[in-house]
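**Student:** Letter by letter, the chains look like this.
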Amino acid sequence: MNLTLKIWRQKNANDKGQIVTYPITGIEGDMSFLEMLDILNDQLITNGDDPVAFDHDCREGICGMCSLYINGEAHGPDRLVTTCQLHMRKFKDGDTIFIEPFRAKAFPVIKDLVVDRSSFDRIQHSGGFISVNTSGNTQDANSIPISKNAADEAMDAATCIGCGACVASCKNSSAMLFVSAKVSQYALLPQGQVEATDRVLNMVKQMDEEGFGNCTNTGACEVECPKGISLENIARMNREYLSASLKG
Amino acid sequence: MSGILNSSIARKFAMALSAFFLMFFLLQHFAINVTSIFSADVFNDLSHFMGTNPLVQYALQPVLIFGVVFHFVMGFILEIKNKNARTVKYAKNNGAANSSWMSRNMIWSGLAILAFVGLHFYDFWFPEINTKFINGDMTGLIDPNNAESGYRYYEELQHKFVDVWRVVLYVIAFVFLALHLLHGFNSAFQSVGANNKYTKGLKTFGKLYAILIPLGFVVIALFHHLNH
Amino acid sequence: MATLDSKIPEGPLKDKWTNHKNNIDLVNPANKRNIDVIVVGTGLAGGSAAATLAELGYNVKAFCFQDSPRRAHSIAAQGGINAAKNYQGDGDSTYRLFYDTVKGGDYRSREANVYRLAEVSANIIDQCVAQGVPFARDYGGLLDNRSFGGVLVSRTFYAKGQTGQQLLLGAYSAMNRQIGRGKIKMYNRHEMLDVVIVDGKARGIITRNLVNGEIERHSAHAVVLGTGGYGNVFFLSTNAMGSNVTAGWKAHKKGAYFANPCYTQIHPTCIPVSGDHQSKLTLMSESLRNDGRIWVPKHQKDVEAIRNKTLKPTQLSEEDRDYYLERRYPAFGNLVPRDVASRAAKERCDAGFGVNATGEAVYLDFASAIQRYGKEQAHIKGLNENDDALVKSLGKAVVKAKYGNLFQMYEKIVDENPYETPMMIYPAVHYTMGGVWVDYNLQTTVPGLFCIGEANFSDHGANRLGASALMQGLADGYFVLPYTIGDYLSNDIRTGTIPTDSPEFEEAEKSVKETINHFINNDGSKPVDYFHKKLGKIMWNKCGMSRNEKELKEAITEIAELRAEFYKDVKVPGTANEFNEELAKAGRVADFLELGELFAKDALQREESAGGHFREEHQTEEGEAKRRKEFQYASAWEYKGEPKDAVLHKEELTYENIKVKERSYK
Numbered sequence: 001m002n003l004t005l006k007i008w009r010q011k012n013a014n015d016k017g018q019i020v021t022y023p024i025t026g027i028e029g030d031m032s033f034l035e036m037l038d039i040l041n042d043q044l045i046t047n048g049d050d051p052v053a054f055d056h057d058c059r060e061g062i063c064g065m066c067s068l069y070i071n072g073e074a075h076g077p078d079r080l081v082t083t084c085q086l087h088m089r090k091f092k093d094g095d096t097i098f099i100e101p102f103r104a105k106a107f108p109v110i111k112d113l114v115v116d117r118s119s120f121d122r123i124q125h126s127g128g129f130i131s132v133n134t135s136g137n138t139q140d141a142n143s144i145p146i147s148k149n150a151a152d153e154a155m156d157a158a159t160c161i162g163c164g165a166c167v168a169s170c171k172n173s174s175a176m177l178f179v180s181a182k183v184s185q186y187a188l189l190p191q192g193q194v195e196a197t198d199r200v201l202n203m204v205k206q207m208d209e210e211g212f213g214n215c216t217n218t219g220a221c222e223v224e225c226p227k228g229i230s231l232e233n234i235a236r237m238n239r240e241y242l243s244a245s246l247k248g
Numbered sequence: 001m002s003g004i005l006n007s008s009i010a011r012k013f014a015m016a017l018s019a020f021f022l023m024f025f026l027l028q029h030f031a032i033n034v035t036s037i038f039s040a041d042v043f044n045d046l047s048h049f050m051g052t053n054p055l056v057q058y059a060l061q062p063v064l065i066f067g068v069v070f071h072f073v074m075g076f077i078l079e080i081k082n083k084n085a086r087t088v089k090y091a092k093n094n095g096a097a098n099s100s101w102m103s104r105n106m107i108w109s110g111l112a113i114l115a116f117v118g119l120h121f122y123d124f125w126f127p128e129i130n131t132k133f134i135n136g137d138m139t140g141l142i143d144p145n146n147a148e149s150g151y152r153y154y155e156e157l158q159h160k161f162v163d164v165w166r167v168v169l170y171v172i173a174f175v176f177l178a179l180h181l182l183h184g185f186n187s188a189f190q191s192v193g194a195n196n197k198y199t200k201g202l203k204t205f206g207k208l209y210a211i212l213i214p215l216g217f218v219v220i221a222l223f224h225h226l227n228h
Numbered sequence: 001m002a003t004l005d006s007k008i009p010e011g012p013l014k015d016k017w018t019n020h021k022n023n024i025d026l027v028n029p030a031n032k033r034n035i036d037v038i039v040v041g042t043g044l045a046g047g048s049a050a051a052t053l054a055e056l057g058y059n060v061k062a063f064c065f066q067d068s069p070r071r072a073h074s075i076a077a078q079g080g081i082n083a084a085k086n087y088q089g090d091g092d093s094t095y096r097l098f099y100d101t102v103k104g105g106d107y108r109s110r111e112a113n114v115y116r117l118a119e120v121s122a123n124i125i126d127q128c129v130a131q132g133v134p135f136a137r138d139y140g141g142l143l144d145n146r147s148f149g150g151v152l153v154s155r156t157f158y159a160k161g162q163t164g165q166q167l168l169l170g171a172y173s174a175m176n177r178q179i180g181r182g183k184i185k186m187y188n189r190h191e192m193l194d195v196v197i198v199d200g201k202a203r204g205i206i207t208r209n210l211v212n213g214e215i216e217r218h219s220a221h222a223v224v225l226g227t228g229g230y231g232n233v234f235f236l237s238t239n240a241m242g243s244n245v246t247a248g249w250k251a252h253k254k255g256a257y258f259a260n261p262c263y264t265q266i267h268p269t270c271i272p273v274s275g276d277h278q279s280k281l282t283l284m285s286e287s288l289r290n291d292g293r294i295w296v297p298k299h300q301k302d303v304e305a306i307r308n309k310t311l312k313p314t315q316l317s318e319e320d321r322d323y324y325l326e327r328r329y330p331a332f333g334n335l336v337p338r339d340v341a342s343r344a345a346k347e348r349c350d351a352g353f354g355v356n357a358t359g360e361a362v363y364l365d366f367a368s369a370i371q372r373y374g375k376e377q378a379h380i381k382g383l384n385e386n387d388d389a390l391v392k393s394l395g396k397a398v399v400k401a402k403y404g405n406l407f408q409m410y411e412k413i414v415d416e417n418p419y420e421t422p423m424m425i426y427p428a429v430h431y432t433m434g435g436v437w438v439d440y441n442l443q444t445t446v447p448g449l450f451c452i453g454e455a456n457f458s459d460h461g462a463n464r465l466g467a468s469a470l471m472q473g474l475a476d477g478y479f480v481l482p483y484t485i486g487d488y489l490s491n492d493i494r495t496g497t498i499p500t501d502s503p504e505f506e507e508a509e510k511s512v513k514e515t516i517n518h519f520i521n522n523d524g525s526k527p528v529d530y531f532h533k534k535l536g537k538i539m540w541n542k543c544g545m546s547r548n549e550k551e552l553k554e555a556i557t558e559i560a561e562l563r564a565e566f567y568k569d570v571k572v573p574g575t576a577n578e579f580n581e582e583l584a585k586a587g588r589v590a591d592f593l594e595l596g597e598l599f600a601k602d603a604l605q606r607e608e609s610a611g612g613h614f615r616e617e618h619q620t621e622e623g624e625a626k627r628r629k630e631f632q633y634a635s636a637w638e639y640k641g642e643p644k645d646a647v648l649h650k651e652e653l654t655y656e657n658i659k660v661k662e663r664s665y666k
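Chains as they are written, first to last, in this note's numbering: chain A, 1 to 248; chain B, 1 to 228; chain C, 1 to 666.
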């Protein structure tokens, strides 16, 4: 496969940045998208150019490190995959592929395609936990039965990998899907109830302070989410938030 | 806007509440208008009731105006805030891949409806207010050509739809209204956190509402244009 | 050997840990506020340790090279975590978990450590549930279990196929709570490049900020390494791209002994390599072996036909298939330990029965599980059990509920539907049992330098059982280190803040900068990956699933040569003061190039087969691993300048509570 890549290059956070075009040849369908970029970088380095910086780590779709806005979609055209599991068989010979960083004011670019998602961490610091000491003196794990349904639903919410595709896909750069997944996981479990009120209020407050936009329920996040996190979580968070506000 | 509207979820909630009110208003507006197809008298009586009942005039009408203004102003504020949440645009963005046109263009369908509301006020509401409150002459509500038959609402309605261009503008506006509602109806429910066994049925109902109500208004406009 | 004091407490095995906890020194809460601890790595071990130490009151500085602690590679563990809860009432106990782990490790682990691990395992589950980890439950609302390789009970707790992720998010949430309280200062995108020793004690680290390239000095009263394994020395492994040995290796160079480097786990069920472009390998959870049956064709002609695509595997009749694990190991069948399953796959493929184009793949087949579950469901629902299509679709639904995300992952990567055609799998490097040598307190041979999780060597011997890595990481971090480190820190309550302007910090920073400058200014011609791939090939071919004296000797020479070439000819673009992944990679590969040589040296001296280490010279007539009594020790290597000069110290392993016997899974 021969392709034309149009890649966002930006030296550092202060640089203006621009799209640069790179032709690439000899790409096979079995390669992952990131392996295709590895080949490009290998060529760039050999030719004495600066390789394209992009985030990646586990390359099996679970760490949430890889990002990339590919041809106008977070993690590219395939569904329920991260960029590292997107394979080149999804593209055709002769295609032009735009590769841009996840864009949001709350995700400033560090270099090229690498962005700073520490805003997600700060939201979690504000309440993404259950305040239980790691002492080993907790009660037996089976002392509170949890219905299979609730456990499964909590698990579905908990599968969020924090990649930021929801923010990148949202026309408003809203982080509601991410935050609601965390809020939902705890809201669905009895262990999470004690701090539920403070948790949702604090996490939403931090989310707003980070400069994410407002959710307008376009549903783009749900479609692009590599883990299929459902919009129902946002509805649940809205409920949790409203009832928490009433409780004060 | 008070402190509570400082949070993104509260703002959504407020948008949803004003939307509920506007959708309810739309429904009753339609219910009254549709009578004009069947009976000029019923339409006139209902219109007169709405136009003169103090509860409607002094309680509901201000709330409605507030609701309309709030919905528009908040819509703009949100749009500006949301635009600011992404300072650098994508060179290539494929929104159609993951969301409906309606959901991505609420501001444009909303602006079209706002323009229409302007025209609509110019057509009906300003003359009405002028008659009632500026001239203060309630006899102005009587049809001058047909004093016995009663009020002039019906005649005025028919009169307005003589011009083809106005009918066309109205039809276009209703198309935008339908687009706005196609996303807005269910979005409002999502914003207030509605999610239960009725959600699926509600979604279907929302779609029907979003299409049938504006379609009904279109039918009314065409009916009066053709039956003039 | 005097230098290797494992500090195993006296007393009977089952009381050792309790007695030890009762007898070690504690630091009073007011004093903990004056003590700083550095934790490098934020996976299950590092993350849980950082959270617990902060909760106890220490000032913790935590470091990870990823952009968030939540991304550490523990997150990729799929199948589950073991705990001796005996919720299934199938006869499990602390002793049985201990026994299985020691046996699974082929009698090459330290008895007291393993027993402690089994002892605290039940606590881990309680702890994680309290944190909100959504473990799978049955319809009664109680926790569900599955079974894993090498054991005869169901003791594995799981959260879909994402157990590691959920446990890590649990530890991460505990960290978040402490970060929010200001007790942990988190340094994301920071890489540790050296450990600083002051007056013989570990007192700090040198890091590089990966965003702007700044070299920083951080001091503390103790340094904890939870930096994971070194499987990436093979280039292709199931580890994350960034996983590296640098922290452990720098510690080794500063005096910490490195133990059993040759013990590597080659995991039997990974997606086969598809071509030269491959950057990493993907694991398919061991839990799949609960329901999947592994086979290759019985006859060479069918192998050819399958490779030529003239025959589909589903068309091959039962009698023409060789379910070789069930054939060779009837007692454990498809659930033999990983080392055994991997070698058996290699044996079949080497004999020419591999089923893909490269001849390096075997089938993992779910057809019979789909049938079995489908019939069961049809029976439960009162439907026709003989309706093939119905049974198949019901069975698929059950398999999907159990392994859906793994099947989806397989399909995305391979472009074949594993519900319809058997999966192809092949062994791949997965985990390293070897690591920095630690005593019972998890302290290395450098006072004040601790090492936990996969980065140390302690609990798995020569082979790790499935679902035990998560157990060890969390046991070390939540329940062991926080106690044992107190014993050491109790001497530091009057020390005060460690200054970072001492000559030791100065010297360490200087040497880090020199290495970086060498890479940046080196006018080489080849990218870092070129050398890493070459190293990986040497390791896989000569230090892989089976090893022999001749090839190990060749490997030692070749790696030394490659290392020399690397320093001469590596090309690192860009500058030192910016985000520069190539520079970071160069540093990591430099350390792999040293470790690789020690790895081969260790494998060469270990003239026996044990667990993941298989020496062709030492096998039974049936081709099984042959242990030798005289090698019943952990090899701990002392750094002396070059890997080849490393000095071997032996920690003799004694088994007083378990009878050492031939490991049999027949």
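Any given hint might turn out to be false.
Claimed, not checked - Negatives, chain C to chain A, calculated, CB over 12 Å:
no. : residue
1   : Asp126
2   : Gly164
3   : Leu169
4   : Asn212
5   : Ala240
6   : Leu311
7   : Gln377
8   : Pro482
9   : Pro503
10  : Tyr530
11  : Glu582
12  : Glu662
13  : Lys666
Stated by the list, open to error - Just some of the chain C residues that point at chain A, by a computed CB distance under 8 Å:
no. : residue
14  : Ser48
15  : Glu55
16  : Asn59
17  : Arg137
18  : Asn188
19  : Asp415
Think of the hints as simulated: they come from the structure by calculation, not from any bench. This structure is a prediction, so every number in the text was calculated from the model and none was measured. Positions of the beta carbon are idealized from the N, C-alpha and C atoms, including for glycine.
**Student:** Determine for every hint whether it applies to the structure shown.
**Tutor:** Evaluated hints:
no.: 1; hint: Asp126; in the structure: violated (5 Å)
no.: 2; hint: Gly164; in the structure: violated (8 Å)
no.: 3; hint: Leu169; in the structure: violated (7 Å)
no.: 4; hint: Asn212; in the structure: violated (8 Å)
no.: 5; hint: Ala240; in the structure: violated (4 Å)
no.: 6; hint: Leu311; in the structure: holds (22 Å)
no.: 7; hint: Gln377; in the structure: holds (16 Å)
no.: 8; hint: Pro482; in the structure: violated (8 Å)
no.: 9; hint: Pro503; in the structure: holds (34 Å)
no.: 10; hint: Tyr530; in the structure: violated (8 Å)
no.: 11; hint: Glu582; in the structure: violated (6 Å)
no.: 12; hint: Glu662; in the structure: holds (36 Å)
no.: 13; hint: Lys666; in the structure: holds (34 Å)
no.: 14; hint: Ser48; in the structure: holds (7 Å)
no.: 15; hint: Glu55; in the structure: holds (6 Å)
no.: 16; hint: Asn59; in the structure: violated (17 Å)
no.: 17; hint: Arg137; in the structure: holds (4 Å)
no.: 18; hint: Asn188; in the structure: holds (6 Å)
no.: 19; hint: Asp415; in the structure: holds (6 Å)
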